[in-house]
Amino acid sequence: MIIPHPLLGPRDAQEFVYLGDASLMNRPDGMTAGIEAFHDWLYQRDNPAGIHRELWYHEQGDRSWLVVTRNTLTHEILGAELARDVARAMGRTK
Amino acid sequence: MRYSGLRVIAEALTGHKGWKPVWRDPAPQPDYDIVIVGGGGHGLATAYYLAKEFGQKRIAVLEKGWLGSGNVGRNTTIIRSNYLLDGNEPFYEFSLRLWEGLEQDFNYNAMVSQRGIINLIHTDAQRDAFTRRGNAMILNGADAELLDQAQVRAMYPFLNFDNARFPIKGALMQRRGGTVRHDAVAWGYARGADSRGVDLIQNCEVTGMRIAGGRILGLETTRGFIGARKVGVAVAGSSSRVMAHAGLRLPIESHALQAFVSEGLKPFIDGVMTFGAGHFYVSQSDKGGLVFGGDIDGYNSYAARGNLPVIEDVAEGGMALMPAIGRARLLRIWGGIMDMSMDGSPIIDRTPVEGLYFNGGWCYGGFKATPASGWCFAHLLARDEPHPTARAYRFDRFLRGLMIDEKGQGAQPNLH
Ligand SMILES: Cc1cc2nc3c(=O)[nH]c(=O)nc-3n(C[C@H](O)[C@H](O)[C@H](O)COP(=O)(O)OP(=O)(O)OC[C@H]3O[C@@H](n4cnc5c(N)ncnc54)[C@H](O)[C@@H]3O)c2cc1C
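Chains as they are written, first to last, in the numbering used here: chain A, 1 to 94; chain B, 1 to 416.
If we strip away everything but chain A, and leave its shape as in the complex, we get:
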């Protein structure tokens, strides 16, 4: 699989480490969220057959985190964004 890195262009997926569903970026606030919310965030997954937004870390590259959109039925990669940009678009500072 080739990941279209927003800064570096097409890169072999082998340069990356896979973390999982991009919803892992939305960690609940530890001071206010209950244990159930934390459980759901850490352990439960949608695990869709089809379009999946997921976190890849460019370990053997520029060390950036990407949100890659990929089809889990075909392995086709539909796009990649910097996770930082995705977080900022959600109103976060980093």
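Everything labelled a hint here was simulated from the structure, so no lab data went into it. One or more of the hints may lead you astray.
Stated by the list, open to error - To give an idea of the interface, some chain A residues facing chain B are shown, with a C-beta separation under 8 Å as derived from the structure:
#, residue
1, M1
2, Q14
3, L42
4, Q44
5, R45
6, E54
Stated by the list, open to error - If you want a taste of the chain B side facing chain A, the calculated C-beta under 7 Å gives, among others:
#, residue
7, R249
8, P251
9, S254
10, S301
11, A304
12, M342
Stated by the list, open to error - Simulated DEER-style distance windows between Cβ atoms:
#, chain 1, residue 1, chain 2, residue 2, range
13, B, E316, A, D46, 30 to 36 Å
14, A, Q14, B, R332, 19 to 25 Å
15, A, E36, B, E316, 40 to 46 Å
16, A, G30, B, V22, 52 to 58 Å
17, B, D270, A, L7, 52 to 58 Å
18, A, M25, B, V22, 47 to 53 Å
19, A, G79, B, P388, 45 to 51 Å
20, B, E316, A, G91, 43 to 49 Å
21, B, I311, A, D46, 27 to 33 Å
22, A, P10, B, G65, 32 to 38 Å
Yeah, the Cβ is synthetic: ideal placement off N, Cα and C, and Gly gets one too.
Let chain A serve as the given structure and place chain B with the ligand on it in line with the hints.
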């Protein structure tokens, strides 16, 4: 029809005209007491034990393709009970004992072959860890032996004992481990269930669940609505997709695992060998092909096929362990979809929906579990309480901090 040596001879003398189809091909009834979703090893074993051991009637198994078209017919056929943790080891030892009596029990030749399995040791630390694991196995009634380098050399003189990075220093051995003809397991359970009145319904995909007042009423399928008092889901890699019909999310990711078979060679590997440090394991089939594999591909997948990087990785592991493998040609490669759980251990439990039960999260090691999984799931479905060896396989273990994480990797399915 009972199978026996006499029967084979009689049929041979009469032109093999007396063999009958091994199971019926019934149309679905409007409703059943218990419906099992998934005609893989676990679903078929569940139906078999429900009928045979737990006296249940009016049972159906719904399979979207043909029986055994999933992982039960795609795996590398290894059975063993060499786990460390209390939540796992009694269950897998129960399974190994069921394997030992299975062929007599269901009157079918599943080619259960206890040819022994070794896990290679490369460092002192690993020897300590395997010694501990061996002791845990023995405490749970399983067998385990620590082999030194000379003993491994006597078994497999052609291994690369002096690999610079992973020199072979010994192995943990379980002599009762081995291999089983995987398709025959599906067929044997299917035949056993069918002959006890279970309806095995193929080409019947579950497309929805009818739930009212928090209770399951039945299943929408490609062959119409089928009512059910209880539903047991055992669909392995499709777990999240099927349970989504009940609005449930699971602690599971689906990942592809590949398997490899070489051309037929003269017998030279008579057991099963795992080279964990090199992400490689191998055995030799009765037809002579080397059957081997390594890691899962490592990212969510429902494609039932893997990619080239893992093929390269597995080939490198094989070359590092046994350079002779470089002379063999690869005949076949394929993939299956693993239901990877968040701690690497399975779930056999009730769900928040009354009458709906779940069996899954088997990762890449559910074939060896088939008999015990079927037995324990049948126990839960019939009696509404968990079997003693499967008590730990609950959904709420993640909420309560009671994970069964053999590798200590945390909630990272692609590392288990
Ligand atoms: C390459 C590979 C190697 C492996 N090696 C080993 C090994 O050496 N040892 C070991 O112990 N384990 C191994 N495993 C794991 C093992 O094969 C699985 O854990 C086990 O087979 C899963 O249980 P099952 O047999 O019930 O699954 P399956 O055979 O996959 O059964 C699930 C069934 O559910 C059906 N289904 C899915 N969705 C629906 C629906 N909506 N409606 C109706 N039916 C549906 C599917 O068609 C399928 O037939 C391996 C797996 C693979 C892929």
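Against the structure, the hints:
Proximity of A:M1 to chain B holds as hinted, the smallest CB-CB distance being about 6 Å (cut-off 8 Å). For A:Q14, the shortest C-beta to C-beta distance to chain B is roughly 5 Å, which falls under 8 Å, so the interface hint holds. Hint on A:L42 holds. Least Cβ distance to chain B is approximately 5 Å, under the 8 Å limit. The criterion of a C-beta within 8 Å of any C-beta in chain B is met by A:Q44, whose closest approach is roughly 4 Å, and the hint holds.
Given hint, A:R45 at the interface with chain B, holds; its Cβ is 6 Å from that chain's nearest Cβ, closer than 8 Å. Residue-level restraint check for A:E54 holds (minimum Cβ-Cβ distance to chain B is 7 Å; threshold 8 Å). Taking 7 Å as the C-beta cut-off, the interface hint given for B:R249 holds, the closest approach to chain A being about 4 Å. For B:P251, the suggested interface contact is upheld, since its CB lies about 4 Å from the closest CB of chain A, less than 7 Å.
The interface hint given for B:S254 holds, since its Cβ lies 6 Å from the closest Cβ of chain A, which is under the 7 Å cut-off. The interface hint given for B:S301 is met, as the beta carbon of that residue sits about 5 Å from the closest beta carbon of chain A, less than 7 Å. Contact between B:A304 and chain A, as hinted, is not supported at the beta carbon level, the nearest pair being about 9 Å apart and thus beyond 7 Å. At a threshold of 7 Å, the smallest CB-CB gap from B:M342 to chain A is about 5 Å, leaving the interface hint in force.
Distance hint check for B:E316 and A:D46: the Cβ-Cβ separation is about 34 Å, which falls inside the suggested range of 30 to 36 Å. The hinted window of 19 to 25 Å between A:Q14 and B:R332 holds, with their beta carbons roughly 24 Å apart. Distance hint for A:E36 and B:E316: a CB-CB separation of about 44 Å, consistent with the stated range 40 to 46 Å. For the hinted restraint 52 to 58 Å between A:G30 and B:V22, the CB-CB distance of approximately 57 Å keeps it satisfied.
Distance hint check for B:D270 and A:L7: the Cβ-Cβ separation is about 53 Å, which falls inside the suggested range of 52 to 58 Å. Separated by about 51 Å at the C-beta atoms, A:M25 and B:V22 satisfy the suggested range of 47 to 53 Å. The beta-carbon spacing between A:G79 and B:P388, approximately 50 Å, falls within the hinted interval of 45 to 51 Å. Distance hint check: the CB atoms of B:E316 and A:G91 are about 45 Å apart, consistent with the given range 43 to 49 Å.
At roughly 29 Å, the beta carbons of B:I311 and A:D46 sit within the given window of 27 to 33 Å. Range check, A:P10 to B:G65: Cβ separation about 36 Å, and the 32 to 38 Å hint holds.
Checked against the numbered hints above, the structure breaks only hint 11 and satisfies the rest.
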